[in-house]
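J.: Using the sequences plus the hints, can you model the full thing?
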Amino acid sequence: MQKLYREKESSYWESQINENAHDSSKLWNVVSSILQRSESFSNHKALDAQVISDYFTGKISSLRSSFPDSLSVNYPSRSSSRLASFETVTPEHISLLIGTCPNKTCSLDPVPTWVIKKLVLYFSPILAAICNASIQAGVVPSSLKSAIVFPVLKKKNLDVNDSKNYRPISNLSFTSKLLERVVASQLTCYLNANQLLPECQSAYRTLFSTESALLKVTSDVSLAVDRGQLTLLMMLDLSAAFDTVDHEILLTRLNKSFGLSGTVLDWFRSYLEDRTQVVSCGGLLSNSSSMECGVPQGSVLGPILFVLYTVDILDIIETNGLTGHMYADDTQN
Numbered sequence: 202m203q204k205l206y207r208e209k210e211s212s213y214w215e216s217q218i219n220e221n222a223h224d225s226s227k228l229w230n231v232v233s234s235i236l237q238r239s240e241s242f243s244n245h246k247a248l249d250a251q252v253i254s255d256y257f258t259g260k261i262s263s264l265r266s267s268f269p270d271s272l273s274v275n276y277p278s279r280s281s282s283r284l285a286s287f288e289t290v291t292p293e294h295i296s297l298l299i300g301t302c303p304n305k306t307c308s309l310d311p312v313p314t315w316v317i318k319k320l321v322l323y324f325s326p327i328l329a330a331i332c333n334a335s336i337q338a339g340v341v342p343s344s345l346k347s348a349i350v351f352p353v354l355k356k357k358n359l360d361v362n363d364s365k366n367y368r369p370i371s372n373l374s375f376t377s378k379l380l381e382r383v384v385a386s387q388l389t390c391y392l393n394a395n396q397l398l399p400e401c402q403s404a405y406r407t408l409f410s411t412e413s414a415l416l417k418v419t420s421d422v423s424l425a426v427d428r429g430q431l432t433l434l435m436m437l438d439l440s441a442a443f444d445t446v447d448h449e450i451l452l453t454r455l456n457k458s459f460g461l462s463g464t465v466l467d468w469f470r471s472y473l474e475d476r477t478q479v480v481s482c483g484g485l486l487s488n489s490s491s492m493e494c495g496v497p498q499g500s501v502l503g504p505i506l507f508v509l510y511t512v513d514i515l516d517i518i519e520t521n522g523l524t525g526h527m528y529a530d531d532t533q534n
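Residue 202 is where the sequence shown starts when you use the working numbering, and the numbers rise one by one after that.
Do not rely on the hints blindly, as some may be mistaken.
What the hints assert, rightly or not - Result set (DMTMM-like, lysine to aspartate or glutamate): computed pairs, CA atoms no more than 25 Å apart in a straight line:
no.	residue 1	residue 2
1	LYS356	GLU474
2	LYS357	GLU474
3	LYS260	ASP438
4	LYS260	GLU493
5	LYS260	GLU474
6	LYS346	ASP444
Bear in mind the hints are in silico, worked out from the structure with no lab data behind them.
T.: Rendered as structure tokens:
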């Protein structure tokens, strides 16, 4: 009986691997399930929501205070094109975006996601009107800038009672993430059309995954060995990378380096400013805290904005005669 069960289980996981072979995100989830290392939101009773909230905000404040004072930087222009306004979206387009959304529901949602998907023909005109009102006015409603943060254990074997062993993952409302998807689709089209995204950057982009990162680094090392060159691999991992993004620096870069202006730039300023979050742990909530910097982990736009924020790292590496590749907030050169 046990042998039959193991054979069925093996057959199931094999089918899951084959089914998701062309979707790296789902494939890694399958691998994590096989290895029984899937992360789950912590609900440990001994972990106090306010304590971990204070730790998260204190860590960012400490890191920020360790940074040198901002210098006057001349951000190079990377595009002669400008993106000053967004295009309005139709209910049909919203329906398509809703179809690509995962079946996740946030406690901030007045309606479960599965209901919206089931009744998409009724909800899409309403959601299209909300999205169009936001992108045309360049304003993100304050109700869509709140997040519930779940502390997730970084590694399975770490002490569950130590706040430093957790990373914050933001749970955002369905409407806010749908609005982000509308903006992200237009921003990505603009960046791709003007070739503004770095070639040597993987993650957060279609066809740029762990596979492309490994192939690039392996190729660089192999070519250097063939040329008889000494090869050193240096890896840079940024601490609290998403959480320490400076809003003013990011907005200046979006404007001067990538040509975002007008209502588009106003929208991103509104998106970044006055964001709030509460930490949920053990069924209890912390006090609300404001985000003075950073982009939400778990958001749609956060990864794209982080890529644009750090694009000059590759320029610095190449200027010094080295080759580099970026993956998420990690850099190899």
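J.: Indicate, hint by hint, whether the structure satisfies it.
T.: Hints and how they fare:
no.	hint	in the structure
1	LYS356 to GLU474	32 Å, violated
2	LYS357 to GLU474	34 Å, violated
3	LYS260 to ASP438	17 Å, holds
4	LYS260 to GLU493	13 Å, holds
5	LYS260 to GLU474	20 Å, holds
6	LYS346 to ASP444	15 Å, holds
The structure does not agree with the numbered hints 1, 2 stated previously, though it agrees with the rest.
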